[in-house]
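Work the whole structure out from these sequences, hints included.
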Amino acid sequence: MIILTSALSRWCQVKSDLIYAFEQTLNADISEDLKESIRAMLNRIKGGMPLEQALDKFSEFSHQEQFLDLIAAVKVNTRHRGDLPVLMETLELQFFRLEEAYQQRRISSRTDLRSTILCFAFGFVVFAGRIISNESVRSAFLSSAIGFLLLIASIVSFASGLAILLIIIRRIND
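Each residue of the sequence shown is one higher than the one before, counting from 0 in numbering that gives the first Met the number 0.
It cannot be assumed that every hint is accurate.
Stated by the list, open to error - With a Cα cut of at most 27 Å, we get these calculated DSS-like pairs of lysine-lysine: (1) Lys-45 - Lys-34; (2) Lys-14 - Lys-34; (3) Lys-45 - Lys-14; (4) Lys-45 - Lys-74; (5) Lys-34 - Lys-74; (6) Lys-56 - Lys-45; (7) Lys-34 - Lys-56; (8) Lys-74 - Lys-56; (9) Lys-14 - Lys-74; (10) Lys-56 - Lys-14.
What the hints assert, rightly or not - So the derived label-pair ranges between C-beta atoms look like this: (11) Pro-49 - Glu-22: 16 to 26 Å; (12) Pro-49 - Gln-93: 23 to 33 Å; (13) Ile-163 - Gln-12: 41 to 51 Å.
Just so you know, these hints were derived from the structure itself, not from any lab. Built from N, CA and C at the ideal position, the CB exists for glycine as well.
What follows is the structure, encoded as C-alpha cells:
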C-alpha cells in the first residue's frame, strides 16, 4: 500500500485531481490485481458511478487496515473538498512511519527469538554437562526414584518449551 500511496501522492502534487492520480498509478510498480481493481474503479467512475460509491467498491479489493484508511481518507477529503496533495503527502508519511515500526518490531522479534534459542541451548548444555561430568548429580537423578521423576519432569518441560518455540518460529517465518 505504500507504493500506491506514494504514487498517488506524487501524481496529486503534479495535478490535484484524484482520477488523474489513479490513472497515473497504473504505471507504478504495483500488483496486477491492484491495477485491475483501479481500472475497474476508473471505468465505473467514467461510466457515471458517483466517486464515493466507486471508492466503496474499490475498498473491497483489500481488507488491509492501511488500504481501508487510505480509501476512507480520500472519501472524506472529496466529500469536504479538502487539500488532496496535502492529504496524500501526510498519508504517505504516516504509512512510511508505520512500515518502519513494523520492520523494527520484526527485527526485535528476531533478536528475542535468537536470545530464547540461545538460552534453551545453554540450559540444555549445562544440564547435560552436569549429569555427564558430575558423579553426585548423576547419582541424584539416576539412582533415586524421586531424582528419576525430576529428570523425566525436566525432560518433558524442556520438550514442551522446545515445541512451543518451534511453533513460534514457524508462525514468525510464515
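Here's how the hints hold up against the structure:
1. A threshold of 27 Å between alpha carbons decides the hint, and for Lys-45 with Lys-34 the separation of about 16 Å falls inside it, so the pair holds.
2. Note on Lys-14 and Lys-34: the hinted pairing holds, with a Cα-Cα distance of about 20 Å set against a maximum of 27 Å.
3. Taking the CA atoms of Lys-45 and Lys-14, the gap is about 18 Å. The hint holds against a cut of 27 Å.
4. Taking the CA atoms of Lys-45 and Lys-74, the gap is about 17 Å. The hint holds against a cut of 27 Å.
5. A C-alpha spacing of about 19 Å is found between Lys-34 and Lys-74, which places the hinted pair at or below 27 Å, so the restraint holds.
6. The straight-line distance between the Cα atoms of Lys-56 and Lys-45 is roughly 14 Å, inside the 27 Å bound, and the hint therefore holds.
7. Using a Cα cut-off of 27 Å, the hinted pair Lys-34 and Lys-56 holds, with the two alpha carbons roughly 14 Å apart.
8. Restraint check for Lys-74 and Lys-56: the C-alpha separation of about 12 Å stays at or below 27 Å, so the hint holds.
9. Restraint check for Lys-14 and Lys-74: the C-alpha separation of about 18 Å stays at or below 27 Å, so the hint holds.
10. Proposed proximity of Lys-56 and Lys-14 is supported: the alpha carbons are some 24 Å apart, at most 27 Å.
11. At roughly 18 Å, the beta carbons of Pro-49 and Glu-22 sit within the given window of 16 to 26 Å.
12. A C-beta distance of roughly 27 Å is found between Pro-49 and Gln-93, which places it inside the suggested range of 23 to 33 Å.
13. The hinted range of 41 to 51 Å is satisfied by Ile-163 and Gln-12, whose Cβ atoms lie roughly 50 Å apart.
Consistency note: the structure conflicts with none of the earlier hints.
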